[in-house]
Amino acid sequence: MQPTYLSYDKGSILVRSEAKVPYSVWDVRVGAFRAPAFYYSEIVEFLNKSDLSAIKDGVEDLPPCPELKCRSVEMRAYQRRALGSWDKAGRRGVIVLPTGAGKTVIGMKAIELVNQPAIVIVPTLDLLEQWRRRVQEELGIEVGAYGGGENVIKAVTVCTYDSAYLRAGELGNRFGLLIFDEVHHLPAESFRQIAEMFTAPCRMGLTATYERDDMLHLELPRLIGGVVYRLKPEDLAGRYLSDYTIERVNVELTSEEKEEYRKNYSVFANYLEKNRIWLRSPLDFQRFIMRTSRDPQARQALLARNRAISIAFNSQAKVDRLEEILRSHPEDRILIFTQHNDLVYRISRRFLLPFITHTTNKDERYEVLKGFREGKFRAIVTSKVLDEGIDVPEASLGVIVSGTGSSREFVQRLGRLLRKSEGKERARLIELVSSETSETRTSSRRRRGGKSGTQKQATGAFPGEESGAPEEDYPTDDQVGQR
Amino acid sequence: MLPSNLLRAKIAGGKIRPAYVNVDPETVALAERIIGAFREGRGRKKGELLERLKEVENEGNDFKLVRGMSALLERRCVFEVDSATNPMAARMAVFEKASKAKATSVDETKAVLRSVSAKLGVSLESLEKTLFSDLEDELITRDFEPLSAELLIRQYNLSLTQTLLFKSLRVEFSASGNWKNIFREVKRQGLIYSVEKQDAGYRVSLDGPLSLFKFTERYGTSIAKVLPQIVTSEKWSVKAEILARSRGGRVYAFETNNKEVEGLLLSGAEERVHASGKQAGAFDSTVEERFARSFLVSYGSLGWALRREPEPLVAGTHVLIPDFSFEKHALKVYLEVVGFWTPEYLQRKLSKLKSIEGVDMIIAADESLACSRLERLKGKAEVIYYKKDVPLKPIVEHLKERESSILREQADRIEKDSIILSGDVVSLEDLARERDASLESISLALQDFRPGGYARAGNLFISEEKLKEMDEKLSKVEKLTEALAIIESSGVREEEASKVLDVLGYISVWEGMEIDKVRISKPSLRSN
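Just so you know, the sequences run in chain order A and B.
Residue 411 in our numbering is what sits at position 411 of the first sequence, and the numbering runs on without skipping anything.
In our numbering, each residue carries its 1-based index in the second sequence increased by 1000.
No lab work stands behind these hints: they were computed from the structure.
Ideal Cβ positions, reconstructed from N, Cα and C, are used throughout, including at glycine.
Treat the hints with care, since some could be wrong.
Stated by the list, open to error - Estimated spans, in silico, between C-beta atoms of each pair:
{"hint": "1", "chain 1": "B", "residue 1": "Gly1248", "chain 2": "A", "residue 2": "Tyr366", "range": "40 to 48 Å"}
{"hint": "2", "chain 1": "B", "residue 1": "Gly1249", "chain 2": "A", "residue 2": "Ser281", "range": "18 to 26 Å"}
{"hint": "3", "chain 1": "A", "residue 1": "Glu67", "chain 2": "B", "residue 2": "Gly1043", "range": "57 to 65 Å"}
{"hint": "4", "chain 1": "B", "residue 1": "Gly1248", "chain 2": "A", "residue 2": "Gln2", "range": "28 to 36 Å"}
{"hint": "5", "chain 1": "B", "residue 1": "Glu1125", "chain 2": "A", "residue 2": "Asn270", "range": "42 to 50 Å"}
Extracted from the complex, chain A is given alone in its bound form (with noise of 0.2 Å):
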């Protein structure tokens, strides 16, 4: 009998055998059996139990590979239940912890029990820093990186979910294990493609914030395994975590942008109101959008309620705000967020405050989060890529000057203050909000979810976490390609 040969091509397994094996089809175009990368194990596990032939199994092409050991790093009590249950599962599945909770040291301490090539997926290239830093400590290793123009494979590699996606046809093979950060991020169609492209067995997510808004998490348990831990941040908070007070600022426009404001959104509501068109979901609103496309005057109206939100979003009053919360917090280390970059630079430029935007290089990055951690910079001004991951455990005071209604950004904002450290006796993150305009719901939205008497003075409670099910807001301008 003529042995069974197989091997990986661009994402997916070969067979060559006399029969078929299981989740494989027959491929005319190549003349043999074909399936899905991820179910690599199970196909080998099937052969192996069927004993039919000799399996030449060309696969796994694992780089060289030193024995993984952390040097010093201990868990905590509820990290080792975390590792050990998803041990136990299989080493397959997802880990639930709130940020600050110390995700990092489960997976290098998962990859040490695996101890095989790992890969490691993060989705900025702030997180690919911190976890290539962390591994590179910790394990005594050179580590890998594909993103940023990078792309090094080690035994141990760290990656941006789009280079992963991108290249996941020549990286698939060469991994024992593959780690998720930020695992939520996984089940867009497109990322999706990244686990059922990769062959290894073991797989884990890591997050905080599990589930989503369009269910797509639903997805997750065939991808890599279902929730295997899971704990709040109220199981936490204190004693691993900061505890915190969210407080909302209302801020009046100034009385040109009242007008502007006016000026505008009344366009945009009689068209709406002419046009008998509702928006009470996030569909309505796709298809409004889908509208201006055909309609001139449903883009004219588009774009006068983007100008009113950007007036809301970027009021000089909350410009005026902010430099009293500067001014009364002098000892505090501040994260400031907004919705899009011109504010950013604006804030930068007025309070000479370091940026961080999705096109300020790797070198500036580093350097601004180094200096901030040190206490060089008393603040950075971000927009959207400081929401998730980074660590800067330093920082106890965060502003938001503007954002989305989505209450997994708002989880992810107040995440980067909850880290405990020395001298921090408490967060606290204020919103700023411009009063009589859209943007009180788009606040009201983005907690909602949250336990009741958040809105002031709530110690403890964590929005969007009782719900479970994040929002996610309209599409802003983003979408609709306004510069």
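Using the hints provided, position chain B relative to the given structure of chain A.
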């Protein structure tokens, strides 16, 4: 190719079609306005250019059209930071100082700037100018390579078609030519194709490995990159399935051909010609190029004509796209250099090869790129393994072997008995031409051929009467130059003339370096 959000397309009756723009006065005027904005933007801030483009947009023009054209033109620009000092270093200095001073009011920040500028030894104005000079809006348009409105419109239409193909699940196309470049691109993009013979030509369908399991637009971008090569062909047609996620994942058909969009699309060849110098770029020194160069240097004298990227070879539902062909004596040997490979891949290639008769092909496979640890395919003479560079020796050996065996074959086919010489001087070249054989094979076949009444001198057969006549004339002269003139006057070429002297038993006597002074003599006569 454009950003996906700038796609303009129309859907009707289950079909989708890019919203092409015509080369009409209205669109030309718009294109010229946009080109003008870029032209005038030279030497100014990018922010000003963007402002101008926004104005064009706000005049009631289709914003996606304006932005699409602008995106194409932006690629023809060089933007630069306008600052003598490093903006980032300046920022870091200023921000650190401001943090230390806890500056918040306008006066306080001004003071920070003043003190840092003094420390850096620059003026306050130049520090303020430097500080954010690397932000997009602050960049200066150093250069812009314009193009005509018509070309811009046609390039836009091509890009629009490509952008639509981003969302394609699979594509079928046919083309009347340019196969080499088409398949080269298909190969480069890692797509899977199958070829079907149809009437006059071939129909090729393109998708990727995972298309088998699910509808995926993963390969759309790669497919889009092949399009310029397809439309470069004189006649072509394209049929694609386009997935519209915004419409709940419905699939629409897109079909077009050269007739339908005549004059609307820029072809790939045109695109390269009109590409700005920046985009055309320099070729990398690839394995293939290094091979070609060293082959010509070391073995160019062997007389093989080396051709890069010869025509594709069709084998059943597949094509083979060799990288080189070596041609000599109606003999053609192909070479394909394989980068990334698996044993299956090579096996498949070889079985494809077997299915085309009479094709001689060598496959060079990169050992270091073998993506499998399976043992190599042994005992396949056609496969050569290499590291870093394709070795010349085994290939040259293969060529020599093929050459001598084909010569032997050809020589064997020449029937010596049938050769009848006529005339005073008959050259091997003439005989080869008469028989449509190579010179090498004729000379191999006639190595020992001694026809009556003729003597052989080099590549010539000369009648004995003619030789006698020449000998008489030669006995009357002394100088070599005169002797050669006599021989050449009988219809013998210069390079063969000295061979005739040899045959007649003459030797040249050199008395110095000048040819004029060389004498000829016949030692045999003297001794008689």
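Checking each numbered hint in turn, tell me which of them this model violates, lowest number first. The structure breaks only hint 4.
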